[in-house]
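Q: Listed below, chain by chain, are the residues.
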Amino acid sequence: MRTSAFLTDASVCIGCKACEVACKEWNHIPDDGFEWTGQSYDNTHALGASTWRHVLFLEEKKPMGPQLAGIEEPFRWQFLSDVCKHCENAGCLEACPTGAIVRTELKSVFVQQDVCNGCGYCVVSCPFGVVDKNHEVGTAFKCTFCYDRQRDGLMPACAKACPTRSIRFGEWEELRQEAQVRVKELQDRGYNDAQIYDPTGSSVGGTHAIFLILGQPEAYNLPPAPEVPTIHMKSAWGAALFSALVVVLVVFLAFAL
Amino acid sequence: MAANPKITEDRLDALREEAARTGKVQDHGIAPVGSPFPKPAAAVSYHGNPVLKPPTWTWQVPLYFFVGGVAGISAVIALAAHLFGNAGVLRAGLWIGLLGALVSAPLLIADLGRPSRFLNMLRVFKLQSAMSVGAWTLSGYSSAVGLAVVCHELILAGYGNNFLLVLEWAAEISAAVSGLILASYTSVLLGVTAIPVWSENRRLVPVVFLAGGLGSAAGVLELLGFLLPVTQFIGIVASAVETLVAIVIELRGRYVDRPLREGTVGWLTRAGAALAGPTSLLLRVFWGHSSMARYVAAVCFVTGALISRYAWIAAGRVSSRDPQALFRIQRPAHNSAAH
Amino acid sequence: MAENHPVGFQWVIEARERGAKVIHVDPRFSRTSAMADIWAPLRAGSDILFLGALIHYVLENKKDFREYVTHYTNASIILPEEFKDTEDLSGVFSGWDAKNRRYDSSAWLYGACVEGGRVAPKSAGPHSGHCKDGAGAGADLADCECDPTLSHPRCVYQVLKKHYSRYTPELVERFCGVPRERFLKIAETFCSASGPEKTGAICYALGWTQQSKGPQIIRAAAILQLLLGNVGRPGGGILALRGHASIQGSTDIPTLYDILPGYLPMPNLGLDSHNLADYVAIHRDPTGWWWNFDKYIVSLLKAYYGEGAKKENDWGFNWLPRVTGDHSHQGYFLEMLDGKVEGLFVMGQNPAVAAPNSRVERKALSKLKWLVVRDMVELETASFWYDSPEVERDELRPEGIATEVFLLPAAGHAEKDGCFTNTQRLLQWHQKAVDPPGDARSETWFMYHLGRRLKEKAKQDPRPRNAGLSALTWDYSVGGTMQEPKVEEVLQEINGYKVADRTLVSGFNELKADGSTACGCWIYTGVFPRPGENRANQRNSQDLWGHGWGFAWPADRRILYNRASARPDGRPWSERKKLVWWDEQNREWTGLDVPDFTRTKAPDYKPPKHAQGDEALAGDKPFILHPDGTGWIFAPKGLADGPLPTHYEGLEAPVSNPLYPDQQSNPAAMREERPDNRYASSPDDRFPYVMSTYRLTEHHTSGAMSRMLPHLAELQPEFFCEISPELASERGIENGGWVTVMTPRGIVEARALVTRRMRPLPINGKMLHQVGVPYHWGSRGLVKGDSANDLVAISEEPNVRIMEAKGILCDVSPGRRARGKAALDQLNAHLGRK
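Residue numbers (my numbering), protein chains in the order written: chain A, 1 to 257; chain B, 258 to 596; chain C, 597 to 1430.
Any given hint might turn out to be false.
Only pairs whose alpha carbons sit at most 30 Å apart, straight line, appear in this in silico BS3-like list of lysine-lysine [stated by the list, open to error]:
id, chain 1, residue 1, chain 2, residue 2
1, A, Lys61, C, Lys1028
2, C, Lys963, C, Lys907
3, A, Lys160, C, Lys1028
4, C, Lys906, C, Lys1174
5, C, Lys959, C, Lys1380
6, C, Lys963, A, Lys62
7, A, Lys160, C, Lys1417
8, C, Lys1380, C, Lys1362
9, C, Lys781, A, Lys61
10, B, Lys383, A, Lys62
11, A, Lys184, B, Lys383
12, A, Lys62, C, Lys617
13, A, Lys184, C, Lys794
14, C, Lys617, A, Lys61
15, C, Lys1094, A, Lys184
16, C, Lys1053, C, Lys936
17, A, Lys184, C, Lys617
18, A, Lys62, C, Lys1094
Note that these hints are calculated values from the structure, not bench results.
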């Protein structure tokens, strides 16, 4: 069974937002309201229940590789299309008490809309802040990795719409290799801060949405060292057990003394 | 750092602004003792927007935390009362436990986005999901304490027999064990999330919630008239712990704890801590002989514990909105996701 | 290009990834700039200064592609002594008639028409800019003296050098705002893309066209490309990025008043319209491909009038309308404003938002007796009578507007068959996927049935004025429940056919002037060569050039003038850049593209004396539509405002013209100044900043479609103005706040987007602020806002009558504008300041 993945490459993203629109059109997602943010050209703000692709706009006083842009000081404007990471170890999936969130045969993370009862626990368990509850419908929503399209042999709507192939879709392992090649190529061309964002070393264990970014992850609101919250289980339950034992002791002491 | 006379907030702001604008500061800065240096280089984020999503839980959830805590610990107290022969406390404890259970489920169901699907909580059992553990625990606890009450009342009413006695003991023990889990799992629920102020306090919140449940259970008993040495002892210990925790949070001064110390939520946290902590403690220690004082102490503790549940949820909301809270925990990143 | 042609821009990215260098010059830093290798900020309106300096650089440093220039351009032609340049006449060329504010462009001719005294061609008049050679008369440019060494002081090359001698990098720094090193870096980079092994391309859009000297700016780029030898070669040329999916098509099969299909001129009353013979004599060039002009006009007339078109009645030539004045958009809207127009059809357009001086446009609509609007939504042009700003300001009252507005629903592009012609001259058929809902109908349906009904009425009314209408061929099949005409039949008619048996023709070489062929548009011939073979509908790309996918006019030639991709002797310039070449064995041109040249004409062909048409062009003259076959560095005809581009400031400017103090702006441009279309002075203390309107990726033109769709509306929900941090700090404007923008024409409010992407430029020693104003908003839709075109004046560039929307003067102040009538008071108060 193939394992599919996204490789999203900021160096060729032109910020056109075709991915955002294609995703919404295919999945019949409603609009998020018409609020202007004043944050460069980003009025989408963040991923959420009604936004599954979000294009970021970064205006920075840094050079973009060898580009001659700024005049008296360096300047660059770069774009990136953010999406659900479909983590190998997914916080939302671990947290879901109804079993609504499952790992599909494509290895993507999928919220079954007929099972979810809207408890909201996945929302606070995602280290990337992706999944959210739709308050009108009552259940949690996020990128489905175009499960329906992939099962029919099609690529996700966003990858299909992307005109510059900034969103690449394919076999996970192949895209991982491609990312390695690409980041080296970019660094050779002078993009000194080109890097791959793929938290393989953390408890998340790698994601099915790999990103090629320029500069530190924080600039994209990507956590530099994301962890799946279940790593805290031991210490949290440990403290709870300890406290519970103390409670028992106190209660018994209270009666005994 | 000798002769710089202008040690004012304005100067600090000006330095921060200059650093943010140009990336460096021309003049040497100032370092008033105890104040943070301007550190603009660290504060990178995407337009200052939140990384995480805020909790979607409504008012029913903190209330449930409180009620569940009271109910769960009541079962423990009831069991101890049974062991030590205090029939009044036993009966009261069981009934408090049952009523708490009966109120808990509707509270949780009301918070769901799709309440009609509440039974889906019992589709699976996942140890790694505190909410799954909690759903099953509440179910188990409700059954146990319900059974215990039925048995107890039946026995009281004269239908007692050995079988019922054993059943009651079994139910009480089950209720006590599951009650402890009920009272404590909610702290794990918060601790095992991505929200910085919760996950970074995952060892502390169980202490807070259990102390709160303990003291509140005792407080409720007192308000029902059980002004006993038992409840006084429990009350003193609980409020002492609450006081200690509050001091730790204030003194620790961690960035991630800012929601607990600053702004509206900071005041909410302090209000809760003050009522459940020093106020209750002092009243009990110095005026413990007065029933009035004890009633007031009980009310203070219960109120404080309830407020503090709301404060912790609200703190989570505030914490989720601050990208730096998340980044600072992860930097320096020994397992950097970027390579 | 990334903003407005994102799908096409993927190929720029692809080229960049393969090592091409992308240079972007623009007043603001857009999404295109973000992807470029080099960006330079530019003062809007100073483009000719910039391009002229590049030309100067090429000439000074001898970077021109000498062999190409000598053989393929008119650089070697020696101009008559009488011709005087702007350097000689303080900013005008010879032939300037100051009284009538027009040029007599015969002053720029060279060649046989100059022998024995000047021949004044019977010009077709001032209203004819879009057609072939600006409908200049056919000129005999043969028999010219040349200097192949390009050193004769009167040769075009030297005149060019003198013309641009003062366009230096220093001047660019001082008046364009481009730092000298950045300019030189650009010059060096771009000019290295020249020669046998390398080419470079220039892409432009409305930043160049929407100026009072737009065509001249493009001409400057053309001169640069000719000097560098980049025209007609792969990876070279000039790509005009047009504004809609099929706007190229709407000039090919025109919806413009001054041209007929295939860029044939519309007759101008009294000038070329007496009879067909005169018309042909005037427009037909004795040499070059336009010698075939008569075949095209006659075939067009046969297509229009069928059997009614006979030799005896000049093939129905007299049934064609005559241009009698300025019927351009600006022209007739001003007449409309003055109450002289009764009715108007508006189909797929939104002048209430998208046309310049939109306040005047909306008021003009209120003077109509009837207005038919066909669109998919009720856009501002249809709703002006009740929800325009004029109604809000009490300038118009609904009860006082007598215009009867008919709003008819239109089908969307997936609901009808049809064809788009894009920026690349590529015809692509699109197929109907679903029926339009309810009463919505396609344009074809509407025009066909309207015409059918009018023809029925004409049958009852035999006055001579209806003869043409009655004669129109209107016999398309209709089908389906909606009686939809078969659009493929229209395409076949456009392709052309033999009248006798209706066989389709496969190329314009088959067209005749004897009435035996009919053709709706000669440049499209070949798109439907056989029944069932709709080449616009083919989707089987065979090669790098896309042959097999769609049809590029003319004759599926993907690169125009591709003879220039081979050396004068017929071999490719290089293996790397080969496109077409001469096959000595088979004695024909062959290659990777369809040769844009007579297939059997040898590279060493020398025309006999007095040869005509294409036979008069030598085998090394690629520009076959010019009577001398050369690329025109110096344009002897075709333009109303000069044979060489000259830097003029805009109609409003922040500085005086540094080169020609006596000639501030384009002398031939028309300001149409009137009380409701005022101008600022140059400079003007009340309007110290320079603004340009432009587009965003997220919206489409006037926003009529995109503001109604939630998924697009939410991407850019509010009208904003892009401002530099310096200007923001100077005027106390905060990012996210509101600003009011004013020009002498109007007052709008917008959100303030303070960004480093806008920057003040040091112009002549002073900091000049530029602001950016996207124009997508109006009073209707899910998201609403003021219309930027309220700020723009109605002006007319002399060739094509386009308005100047870039580089105009404005003021920007913090805060929202006053509401209702008070907004006009606010504007007037500001105008009254000194």
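Q: A separate judgement is required for each hint: does it hold in the structure or not?
A: Hints, one by one, checked against the model:
1. Note on Lys61/A and Lys1028/C: the hinted pairing is violated, with a Cα-Cα distance of about 49 Å set against a maximum of 30 Å.
2. Distance check on the hinted pair: Lys963/C and Lys907/C sit about 43 Å apart at the alpha-carbon level, beyond 30 Å; violated.
3. Between Lys160/A and Lys1028/C, the direct Cα distance comes to roughly 22 Å. Compliance with the 30 Å bound is thereby established for this hinted pair.
4. For the hint pairing Lys906/C with Lys1174/C, the CA-to-CA distance comes to about 47 Å; that exceeds 30 Å, so the pair is violated.
5. Using a Cα cut-off of 30 Å, the hinted pair Lys959/C and Lys1380/C holds, with the two alpha carbons roughly 20 Å apart.
6. Distance check on the hinted pair: Lys963/C and Lys62/A sit about 55 Å apart at the alpha-carbon level, beyond 30 Å; violated.
7. Between Lys160/A and Lys1417/C, the direct Cα distance comes to roughly 50 Å. Violation of the 30 Å bound is thereby established for this hinted pair.
8. Restraint check for Lys1380/C and Lys1362/C: the C-alpha separation of about 37 Å exceeds 30 Å, so the hint is violated.
9. At roughly 21 Å between alpha-carbon atoms, Lys781/C and Lys61/A fall within 30 Å of each other, so this suggested pair holds.
10. A threshold of 30 Å between alpha carbons decides the hint, and for Lys383/B with Lys62/A the separation of about 47 Å lies outside it, so the pair is violated.
11. The suggested pairing of Lys184/A with Lys383/B is violated, with an alpha-carbon distance near 42 Å, which exceeds 30 Å.
12. At roughly 20 Å between alpha-carbon atoms, Lys62/A and Lys617/C fall within 30 Å of each other, so this suggested pair holds.
13. Between Lys184/A and Lys794/C, the direct Cα distance comes to roughly 28 Å. Compliance with the 30 Å bound is thereby established for this hinted pair.
14. Our distance criterion of 30 Å between C-alpha atoms is met by Lys617/C and Lys61/A, whose separation comes to about 22 Å.
15. Taking the CA atoms of Lys1094/C and Lys184/A, the gap is about 62 Å. The hint is violated against a cut of 30 Å.
16. The hinted pair formed by Lys1053/C and Lys936/C meets the criterion: a straight-line CA distance of about 25 Å does not exceed 30 Å.
17. Taken as a hint, the Lys184/A and Lys617/C pair is honoured in the structure, with Cα atoms around 20 Å apart against an allowance of 30 Å.
18. For the hint linking Lys62/A to Lys1094/C, the alpha-carbon distance of about 65 Å lies beyond 30 Å, and the restraint is violated.
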